[in-house]
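Novice: Starting from the structure of chain A, add chain B where the hints point.
Those protein sequences? They're chains A and B, same order as listed. What the first sequence shows, in this note's numbering, is residues 1 to 111, in sequence order. What the second sequence shows, in this note's numbering, is residues 1001 to 1111, in sequence order.
Rather than coming from a laboratory, the hints here were simulated on the basis of the structure. A hint or two may mislead.
Reference excerpt, derived from the structure (chain A facing chain B, CB under 7 angstroms, subset only) [said to hold, decoys possible]: (1) Phe34; (2) Pro44; (3) Leu46; (4) Lys98; (5) Phe101.
Each residue gets a CB set at the ideal place from its N, CA and C atoms; glycine is no exception.
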Amino acid sequence: QKEVEQNSGPLSVPEGAIASLNCTYSDRGSQSFFWYRQYSGKSPELIMSIYSNGDKEDGRFTAQLNKASQYVSLLIRDSQPSDSATYLCAVINSSASKIIFGSGTRLSIRP
Amino acid sequence: DAMVIQNPRYQVTQFGKPVTLSCSQTLNHNVMYWYQQKSSQAPKLLFHYYDKDFNNEADTPDNFQSRRPNTSFCFLDIRSPGLGDAAMYLCATSRAAGELFFGEGSRLTVL
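Bound-form chain A, shown alone (with noise of 0.2 angstroms):
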């Protein structure tokens, strides 16, 4: 079982519809948490970041996490052909040593 796992995608959106990207992760004492969003060739930049259960909005975005199930999302709300990108969830994990990326969700807004 990877450490972090999400859906590699390619997930599809239209335009103004809302994107829903999932992640799990194996380390259950893990306690923050983050997006990142890429753009091909550049590098990744934090979009949320998440430490307590619940939601967490900022804009477009909103974080949610769930430790008992041990999975966080991340919802884009409006979509716009700019939200085009590879969202990778980050974890830090229980000994708060590093912090480890999934691979990846890329995601395509068409118009």
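Specialist: Chain B alone, transformed into the frame defined by chain A:
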């Protein structure tokens, strides 16, 4: 603006010819990381420095070395690059084990 700067952005080398990639940061973060990312894959942690303490991942090849002469700078040395080492190399920083701030990356091509 405070940032993470990587040089060079693009590096072409010949098989077996040593390469050094550099990273500097003005964020005054105490942790610096080197990741390797190949196409459509997650960033793979090679090593990181927590202050002056060097942490090498178990599966990082001996061909890869790193130096951190001071808080602001970190170097990645690839002693004898092979074709399989062609990748994007990402430097990142964080305050303690927190969210990562990435540089723009150095793309290595091995001929």
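Novice: Take the hints in turn and mark each one as holding or not.
Specialist: A quick look at each hint next to the structure:
{"no.": "1", "hint": "Phe34", "result": "6 angstroms, holds"}
{"no.": "2", "hint": "Pro44", "result": "5 angstroms, holds"}
{"no.": "3", "hint": "Leu46", "result": "6 angstroms, holds"}
{"no.": "4", "hint": "Lys98", "result": "6 angstroms, holds"}
{"no.": "5", "hint": "Phe101", "result": "4 angstroms, holds"}
The structure agrees with every numbered hint stated previously.
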